[in-house]
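K.L.:
Each protein sequence line maps, in turn, to chains A and B.
First residue of the first sequence? That's 1 in the working numbering, and the numbers climb one at a time after it.
First residue of the second sequence? That's 1 in the working numbering, and the numbers climb one at a time after it.
Treat each hint with caution, since some may be false.
Per the computed footprint, the stretches of chain B lying under chain A, defined by three or more beta-carbons under 8 Å from a beta-carbon of chain A, are [claimed, not checked]:
id, segment
1, 23-35
2, 123-136
As a list, the in silico DSBU-like pairs of lysine-lysine whose alpha-carbon atoms are at most 30 Å apart [claimed, not checked]:
id, chain 1, residue 1, chain 2, residue 2
3, B, Lys190, B, Lys48
4, A, Lys173, B, Lys34
5, B, Lys190, B, Lys34
6, B, Lys148, A, Lys104
7, B, Lys155, A, Lys104
8, B, Lys73, B, Lys190
9, B, Lys214, A, Lys104
10, A, Lys104, A, Lys173
11, A, Lys104, B, Lys48
12, B, Lys73, A, Lys173
Hints listed in this document are in silico derivations from the structure and should not be mistaken for laboratory results.
The structure presented is a predicted model; accordingly, all values stated were derived computationally and were not measured.
Every residue, glycine too, gets a C-beta built ideally from N, C-alpha and C.
Listed below are the residues making up each chain.
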Amino acid sequence: MKKPATYLDSVHRDGRVWGLLLAFLILCFPVAVSVLYGAMPDWGALWSGLLATAPMYWAVGIVEIFTYVPMLGAGGAYLSFVTGNISNLKLPCALDAMERAGVKSNSEEGEIISTIAIAVSSIVTTLIVIVGVILIVPLTPILEAPALEPAFDQMLPALFGGLAVVFVSKNWKISIAPIILMLVLFVFVPALGRDQVGIMVPVGVLFTLVVSRIMYKKGLL
Amino acid sequence: MEFHVNHWALFLIVGIIIAVVLAQSVVFLMRAVKRARAIGIDNTVIRKTISSSAIFTIAPAISILIGVVTLSKSLGLALPWLRLSVIGSLSYETVAAGNALNGLGLGTGEQIQSATAFVTVLWVMTLGIIIGLIFVPLLTKRIQGGMKKIENRDKKWGEIFTNSMFLGMISAFIGYVFCDVTLAFSGDFKGLIPVFVMLVSAVVMAICGLLAKKAGLRFMNDYALPISLVVGMASAIPFTAWLS
């Protein structure tokens with residue numbers, strides 16, 4: 001007899017259907033624009049633009065899948081990779097929600113709380129952007145106000161300061177090595193600046209896993 | 001049809017795609033809440049997860065909106081609206097659009113006039129990010145299965161494994177905060193702004209934790225992350241005025 005489908009099975013089934021449907025719709029958009037306005041792309045510019053963009057972003061995209069999918073859980077992954085802003089919004093939101101609810105990320109409770117947090121975050125983001133697009137004319141001067149600019153420039157430090165307190169204090173033994181490595185790299189390697197943090201996340205994750213494994217084998221964790 | 005970056009037909013297509021994205025989130029949310037109740041997760045926990053996630057999201061969502069405004073100057077409103085609601089992040093979209101505009105010999109500041117230029121930029125931006133959209137549906141089940149296997153083999157290591165991933169990510173962002181501190185040696189102190197902002201946010205988070213524990217202010221615990229985020233961001237205003 002076939003086993004009845006579990007909650008997780010249904011998440012995977014629906015995640016695939018929705019994900020591929022959206023991939024299809026996103027690809028239809030440029031086709032629709034071509035048909036509607038009777039315009040073909042400028043092939044030379046398309047090729048050079050793609051050559052400058054795709055190899056790098058495809059490689060990063062693949063690495064990001066293997067980095068973030070295990071952390072987001074199944075439901076969270078299907079939603080986050082559609083709506084984006086993973087490291088600066090969805091994942092911190094899910095981590096905080098699991099922490100407050102006192103559930104482990106690898107339990108079914110963790111899967112569910114993370115999905116709820118990420119779904120709510122996606123809905124709220126989408127709605128705020130919709131309202132913003134409708135009210136763009138009156139809102140532009142406020143959003144571009146020079147007085148507020150520093151606050152939004154420093155969103156990531158403000159976000160990770162709070163998050164770090166919670167997670168580093170709970171897992172300080174695991175944290176020491178990666179924090180030292182990243183400080184050394186970011187402070188002393190001039191090529192590593194603001195824009196490289198996305199690439200350094202997988203490096204940090206891999207390094208921490210290796211160090212933790214060694215410490216675990218030696219009975220230090 | 002006569003093309004314009006803010007033509008109604010573009011808003012219609014984008015609106016449809018965003019409606020589907022919204023529907024997916026709503027379906028997943030309802031399913032997860034139903035399952036949460038079925039396995040006995042307390043209703044207050046569910047409610048608090050929803051409210052604190054919503055509150056926390058406001059400030060980052062406004063920063064995404066600022067990204068839409070920035071990109072709308074050359075691309076019109078419809079395309080940035082889609083690209084920052086679906087997958088995109090400002091840094092990626094800016095680079096992708098910039099690369100395509102470069103190929104066309106256009107600047108990033110000026111508004112696109114022709115459908116040809118628009119559809120070229122659109123293809124570059126779309127094909128650039130399509131990897132995640134196609135491979136996540138195909139790979140997620142396998143990756144999650146791998147995690148389950150690690151878990152089943154050794155439960156304690158499974159837990160350390162996920163915590164290590166989280167801390168690997170967090171430490172990368174801690175390093176990033178310090179990326180410009182050495183500029184201080186040459187008399188430029190603005191590299192210290194993110195460091196101070198992070199410290200303020202960390203201290204606020206710790207105070208929230210203490211108030212929740214010692215003074216019994218439970219809501220402090222539920223909203224600690226959004227509070228530390230907003231206070232940290234607000235502190236950036238005087239720090240920036242002082243240090244740059």
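K.L.:
Against this structure, judge whether each hint is valid.
P.N.:
Hints versus structure:
With 10 residues bearing a CB less than 8 Å from a CB of chain A, the segment 23-35 of chain B meets the requirement of three and the coverage assertion stands. For the segment 123-136 of chain B, the proposed coverage by chain A is satisfied: 13 residues have a C-beta within less than 8 Å of a C-beta in that chain, meeting the threshold of three. Of the supplied pair hints, the one linking lysine 190(B) and lysine 48(B) is violated, its CA atoms being roughly 38 Å apart against a limit of 30 Å. With a C-alpha separation of about 37 Å, the suggested pair lysine 173(A) and lysine 34(B) falls outside the 30 Å cut-off, and the hint is violated.
Under the criterion of a C-alpha separation no larger than 30 Å, the hint pairing lysine 190(B) with lysine 34(B) is inconsistent with the structure, at around 49 Å. Simply put, lysine 148(B) and lysine 104(A) have alpha-carbon atoms about 13 Å apart, close enough for the 30 Å limit, and the pair holds. With a CA separation close to 12 Å, the supplied pair lysine 155(B) and lysine 104(A) stays within the 30 Å bound. Distance hint between lysine 73(B) and lysine 190(B) is fulfilled; the C-alpha atoms sit about 28 Å from each other, no more than 30 Å.
For a cut-off of 30 Å, the pair hint linking lysine 214(B) to lysine 104(A) stands: about 25 Å separates their Cα positions. Only pairs whose Cα atoms come within 30 Å are accepted, and lysine 104(A) paired with lysine 173(A) is accepted, the gap being roughly 19 Å. Restraint check: the Cα-Cα separation between lysine 104(A) and lysine 48(B) comes to about 17 Å, which is no more than 30 Å; the hinted pair holds. Between lysine 73(B) and lysine 173(A) the CA atoms are separated by roughly 48 Å; this puts the pair beyond 30 Å, and the hint is violated.
The structure does not agree with the numbered hints 3, 4, 5 and 12 stated previously, though it agrees with the rest.
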